[in-house]
Amino acid sequence: MSEVRRYAPNQVTIGASWYPEMWPISEWERDADRMAELGFNLMRLFEFAWHRCEPHPGQYDFAWARRVMDLLHARGIQVMIGTPTAAPPAWLSTMHPEILGTGPDGKRQSHGKRKHYNHHSVVYREYCRQIVGKMVEALADHPALHSWQIDNEMSGYDYGPETRAAFHAWLERRFGSVEALNAAWGLEFWSQAYQSFDQVPLCVAEVGSRETPERHHPSLLLAIAEFQNEAWQSFIGNQSAVIRAAGEWPITTNKTGWVGGGMNWSPIFADLDCVGASIYADLSYYHNNVGRYDAMRGQKPGSPYMLLETAPNWSGGGPIWNIHHEPRGIEVMSWMSTLMGGCSTLFWQWRSHWAGQEMQHGTHVSQTGKWMPGKEAWQALASGYQQHGAWLMQHPPRQADIGIMVSTVSSWVFSIDPIHPSNRYEERLREDYHMPLVRRHYWRDLVPVEGDLSHYKVLILPHLPILPSATREGLRQWVEEGGRLLLGPLTGTRREDMTTWTDQEFGGLEELMGGASSVRFSPHWVEDTIEVLFDDDHRAQPRIWCEGFTCDGAEVRATYHGGWGHGHAAVLDHRYGQGRVITVGCPTDEDTYIKLVQELCADVGVGPVADGGDRVLVIPRDDQQGHTVAYAVINYGKSEDTVTLISDGIDLLSGESIDVECQMPPLSVRIVDIAS
Amino acid sequence: MSEVRRYAPNQVTIGASWYPEMWPISEWERDADRMAELGFNLMRLFEFAWHRCEPHPGQYDFAWARRVMDLLHARGIQVMIGTPTAAPPAWLSTMHPEILGTGPDGKRQSHGKRKHYNHHSVVYREYCRQIVGKMVEALADHPALHSWQIDNEMSGYDYGPETRAAFHAWLERRFGSVEALNAAWGLEFWSQAYQSFDQVPLCVAEVGSRETPERHHPSLLLAIAEFQNEAWQSFIGNQSAVIRAAGEWPITTNKTGWVGGGMNWSPIFADLDCVGASIYADLSYYHNNVGRYDAMRGQKPGSPYMLLETAPNWSGGGPIWNIHHEPRGIEVMSWMSTLMGGCSTLFWQWRSHWAGQEMQHGTHVSQTGKWMPGKEAWQALASGYQQHGAWLMQHPPRQADIGIMVSTVSSWVFSIDPIHPSNRYEERLREDYHMPLVRRHYWRDLVPVEGDLSHYKVLILPHLPILPSATREGLRQWVEEGGRLLLGPLTGTRREDMTTWTDQEFGGLEELMGGASSVRFSPHWVEDTIEVLFDDDHRAQPRIWCEGFTCDGAEVRATYHGGWGHGHAAVLDHRYGQGRVITVGCPTDEDTYIKLVQELCADVGVGPVADGGDRVLVIPRDDQQGHTVAYAVINYGKSEDTVTLISDGIDLLSGESIDVECQMPPLSVRIVDIAS
Amino acid sequence: MSEVRRYAPNQVTIGASWYPEMWPISEWERDADRMAELGFNLMRLFEFAWHRCEPHPGQYDFAWARRVMDLLHARGIQVMIGTPTAAPPAWLSTMHPEILGTGPDGKRQSHGKRKHYNHHSVVYREYCRQIVGKMVEALADHPALHSWQIDNEMSGYDYGPETRAAFHAWLERRFGSVEALNAAWGLEFWSQAYQSFDQVPLCVAEVGSRETPERHHPSLLLAIAEFQNEAWQSFIGNQSAVIRAAGEWPITTNKTGWVGGGMNWSPIFADLDCVGASIYADLSYYHNNVGRYDAMRGQKPGSPYMLLETAPNWSGGGPIWNIHHEPRGIEVMSWMSTLMGGCSTLFWQWRSHWAGQEMQHGTHVSQTGKWMPGKEAWQALASGYQQHGAWLMQHPPRQADIGIMVSTVSSWVFSIDPIHPSNRYEERLREDYHMPLVRRHYWRDLVPVEGDLSHYKVLILPHLPILPSATREGLRQWVEEGGRLLLGPLTGTRREDMTTWTDQEFGGLEELMGGASSVRFSPHWVEDTIEVLFDDDHRAQPRIWCEGFTCDGAEVRATYHGGWGHGHAAVLDHRYGQGRVITVGCPTDEDTYIKLVQELCADVGVGPVADGGDRVLVIPRDDQQGHTVAYAVINYGKSEDTVTLISDGIDLLSGESIDVECQMPPLSVRIVDIAS
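Residue numbers (my numbering), protein chains in the order written: chain A, 21 to 696; chain B, 21 to 696; chain C, 21 to 696.
Heads up, some of the hints might be wrong.
[Claimed, not checked] Quick look at which bits of chain C chain B covers, simulated, 3 or more residues with Cβ under 8 angstroms:
| hint | region |
| --- | --- |
| 1 | 202 to 214 |
| 2 | 235 to 248 |
| 3 | 537 to 547 |
FYI, nobody ran anything at the bench for these hints, they're computed from the structure.
Since the model is a prediction, treat every value here as computed from it, not as a measurement.
Using N, Cα and C, we set each Cβ at its ideal position, and we do this for glycine too.
Chain A with its partners taken away, still in its complex shape:
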């Protein structure tokens, strides 16, 4: 990684996506007036407007776009430009059908939806450079221009012939020779060895989106997922290079999903200025978003992220979901993003489409030009950010001491070979490891496996079978210098290509663990006959997969009772250098997990930032010297609740005095200044 790109705004932005190309010019001014009436200050434009900008090949028209930007600029509203590459025009598909994507079923996509292109296509990338270059040329000097978004909600793997050839070239670059490939993946297995790279099938590798994608070789499936992701990274780089050549605007894009889908966003955002996401959530599931923000903050520590799409009242894109807010919910959703480390909320979308998909989706303004429900909430948000945005940008969330390491690549391992039906990575991460800390107010990041460990005092590494060698070495140094590590379960057991180690089960982590594997077994269907017994009589039941240990320097903290591992150590505790490593042999339960985390935290003086309040978030905010001067408090539940803070203070939003026993109405937000 070269220099880390960062975005450092001095205000919070709020606005929406707007598609003026769908409307007669006569409607634009009224719409712009209404954005101003709400207090919006940033609109996302043009993201699907390629046809409007280039109605025929090489015939460009940006006058309309400048006119839209003029109208906004006149009202003090800035513009984020979305590059329109998610929606190539029909003439391009006709001239170059090879730019169309090919699905897992081997069928070429047709025109008329979005995202029907092949992100590997050399020709398509050339056309992307052209249209983005023309946009930059035409709009770069406009004073309303604020930032860029590349494409829209990118995702998906391609299986067409151009992609296959690119995959073979990628394999050759990675392995050098087919003999090296055969050796690395153990391809004497089932006589799978290749004589040339072009024999390697580009098989379906829909990792993340489903379990056991296909009965192909796991190392092959993993390689295909990595190859497809690298192509997404270069697809984006292809466009951002054009923009960067012309100016220093922040560039972002909107990811979807969390950490376990088919897209590995961490390396992608490393190349961009700002982490961005589309996040929709129903009133009843706001807790599912806490981890999204913890992960976005962890992906670019010290740099605020952007919420690029969220529903202004409801969404309505399908038959079986219809995400729903209420006015206070709209406010809470946006404040949650901002207070946990965001700098922007853009709603999707400004005005209801009068044609095309998603006509029923929630918006600010209806097709006929009426206000849709939620106006007071949008105005309250805009006003709140106007008033407190500068303070918020100067008082970011505290750098967390605790990190839970996450890895999309490791999630793919469990997608390819789940071991156990309940071993879904995102679900386990959220329910078993992340939310228990949230509910106990341990302030934490979700740290990508490539992240800078030096920020953290305590690291938790659950369900990460693949730990890259750089991470392994980083962890060793970090523990040696005093880090407290909770290692496992199910961590470090695979090489980077998903094969197992053949010398030591953990490929060298044994040094940190102070022990080694003595037995490895499945408890499936016999869980209730096995217990993990701790030295202090604490008991837990294993799930999913079990590892037993021998010691080499570590202390045994728990042993298996019953089952194939009877008598073997289940939890090790090892002092290493200035640090300490607790190794856990199997998934168990929340109490056992928290017990071990608390021990490690206590070692280094890390404690919770509040107490109580099951659906209440408490976020420490620091000044530029790193002193915590305020606690943001959010009750994202539908009932009143109370949380015990570290100190009393004054709510910056309401001006009220807040007691240490902080009462929180349903769906409410406070910023408790403890310094004043």
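Go by the hints and put chains B and C onto chain A.
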């Protein structure tokens, strides 16, 4: 629509489908004798016998067919000829593989099932004309010939290359220029605009059969469904023209499904002489058929329909269904059809197949020539029709005063964009709007959206987002002249191409409503927090989707309490000309619906024809002067029940005196003559 | 069938599959030492090692293989060679892509999994002969060579162009002329008649694996299944011929599934020396395996079968299953196989793969070379077989007096046309007919429809619509000579091509039945209104499908009450020659079934071999004179149980005296010698 074709029989026919081509000639006479023994008077023949009629291209053989008809004629049995086009012979698929259909998966069908042809195929239509022409030539003069059925249970859309080209031509005929198409469908959306018609994809548009067929543009999906249906209409016209050129026999065909499938039967039956259907039903689900008959009667008012296929005892075509009657059930099923407006019952099928699909299906005679169960019921029916058929044809069901308007095209809107998982058109129509009237004995039609409104005093228009402009104008005049209209919910909100209106939410229906939309919102997942409060303290809970109103002449009858529409009007009541329009903003519950229907009916002196009897049907039958002279009464339930009639009378079937408090044994039928 | 091939070992073998080609030579010796340490005496090798044996076309290397065999031989361990044809090398797919299989979806498979070849491919078979020939040439003289396995877990149908052509040729061989085909399958039905064989579609016929494979003609689907199976038989014969030309080793292969899948194993094993199978089972489902062993014994009476794959502790090939044992369970699983008639247990697999699919599967040795859990159980088994193997081979299970006839072809009838959702052949066979006998300790075989009936005194024929004419004639003779036959339900109703009979419902079985069909009907959805009343007041409820009878010599034992068959006979009892036939008209319940079986058994003096013990198996073992000298007793349940034996005796395994009331600890095994 040109002149309306009608069928006016003077007797009720009863019989079955027979496939003598499967059997040696030696078996025919015994079979024919048995048909006569039952009292059957109409048999459907030849519908899959193309190969037998034309075993090699251009080599015809109809001698066997005449021989079959001779045998029947000698026993006083008439013949409906099915054109054999559902089963093209193998030589035709071999000579012209382009006649084979192409499925949604892009695969061409193979020979060996039925209905494997492409109904758009020009070559196939030419062969259809030839075989039908030869049949007419060979059999037209046969004295047993009664009528014709075109093909069999037609359905399905085609996705092959010939169809794609035809679709492009159809689009050009409809829109004139691609610019007009782009404008009509708002194709700046997602850069979907086309430069030429041949760029438009023929994507999968399996509307009706499933929800959200594909994530393609809704206007495109709707257009494909319309195009495919128009081709079905011309496919049929291609054959009926050949028949009509030779004689005046009634022509029909057998639809399947009700009003919400992929086939829009109303325009098709407008071209034919008689509405026909295949209707199978289990003993426990007879109520599901009431609406089928109400719709068939409404499709050709004043003209009796034909039940072309129903099970003689059970059916057995698949692993997970096995429709089952009992002897009284067989009789009730047939009488229900006849008494509600039918003139014919044909069972499927006469004799069990000894080879091929559906060998276990219920029949009259087994493979070995034994009677299958049900003989007494078939004989009783034949005898009853023999005795009362002429009377029944002279005393048709009363023309209903109440119409529920139905539209297959509108059902497609909810298939493409259901808004809510429970918003399945047929289910809502049956459970929420039709059966409540049936159970309360409001005599009603289901009227197609193109129907003649002048028959009705009260019209109910639920869940009809697309109202064609002719219907809109017809409704305006009809209300002006005194009609009582229950408008909505979910009605009139879309243009004919499924786009929304951009000036007024209801595209001009506002004049009738005496008001306009003030807010539109989804109540999904928060239904229990919202109420619709009526002026008389009646309360209801909204479902699926809500519209709030402002008034312009109308009176507010109910308002929303809670939710995004709090305080907005939910139900409007408007006097317009001599008529009255009640507009309903959201689906609620049966009580609320009936309350409003009763008000409108009371206005124009329309009341129920009976009272009580949850699973009892009461059908008024009129003489030629329009005076109700009898009430047919059917208990389609498995327990005894009582219904209160308008008058006492004599049961024409049993000769018994019937009290006003009419006792109905389980699964029983009466025709209560009140005139005598 | 020519001479019956048999395998007559004099010891029990035990071992595992080993894939040394995945490991460096340096690991081999340690692995071999450990096999010896366990007491293993047979290892299965080379089954996927084609690439290692022939890394480039025509370039062979067997030196490594001989070295492996040397290592084993030095330790007294024999070798079963698996022909490596389940895993063709990449160079072969590249040179001859036509050898790749084509799936039901019409897509050609890709390299990189196993079993991706087309078993019809002439080219592939030629390559198979070559590699097997070279193996024979190189390894035949090795003293460790014990036996051969052809390929691995063969299954699947092919749908590619070469297969289609082969199918047309097969049809021509079977029918001679297309007219004969048309006549046999009744192809005037739906105009399906063909003019030439190449018009016949090779449609998807995945019988066994799912219900109603496709809506194609049932006789066509059945023919395709038979054709595909015959090709599997010749695929195997192609390889076994090469081996037999060189020596007299036993040849087997490992089937999967039971009797109702897509593979019809009986004719295949008729050509081989020994029945073999892969059988995995969870601790909680051991009862599901009893029938597998009864069927394997019945497939080659008097010849022991081989358990070729079973889990050494657990298996782990997928996300939703994870078969699990415990130490005693491992022993029970192996003993159950051996005591019921097996001669070998091979575990899958020796050592965990370090790459490729199924890395988590249970093994004996881990990737790093550690013992996996279960060592004591494996050693106990090896030691037990070492001690008692010779005795066991000299005292095989008693030849059963009772046979339940089974037929994979008949199971296909219910896959193509299930009639009723619960009519799944394997499930009905196991739950309704087989396990009731097992639980009551009636010692029985599952006899293939082609089996030799002379072994049996009582035969039970449930759910066998297709009885080949040889079987029909065999049954007639067998009954005439004194056999006791329980005929039906659902048996004998179809001709061999799945068409129905048109003269008599049972195609001549009427003679045996002493009666004929009088009515045939579906009780679906009205089961609770029908009863079958026996002469002794026993009552039963019919299910699935019903046949009523007239008598012609038989006595009526039960009649239908209610429903379409009211008053018709439901069960007939007929003395025929020296024998007796009870014909049952419909599936009912266990009590009724057992009642009838007991009657027939009592007739011929056949009784149970034990009493009590719900999850206890009792297996009579005979000396060479046919005298029962011992009873093997297995408690495969997790709780202690007691079974009443015929006699007390001495447990050969423990040396303990065993009382007639035999106490069995959970998961325990005894061999009670009653002779000593």
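Okay, the hints, checked on the actual structure:
no.: 1; hint: 202 to 214; result: holds (count 10)
no.: 2; hint: 235 to 248; result: holds (count 6)
no.: 3; hint: 537 to 547; result: holds (count 9)
The structure is consistent with each of the numbered hints, conforming to all of them.
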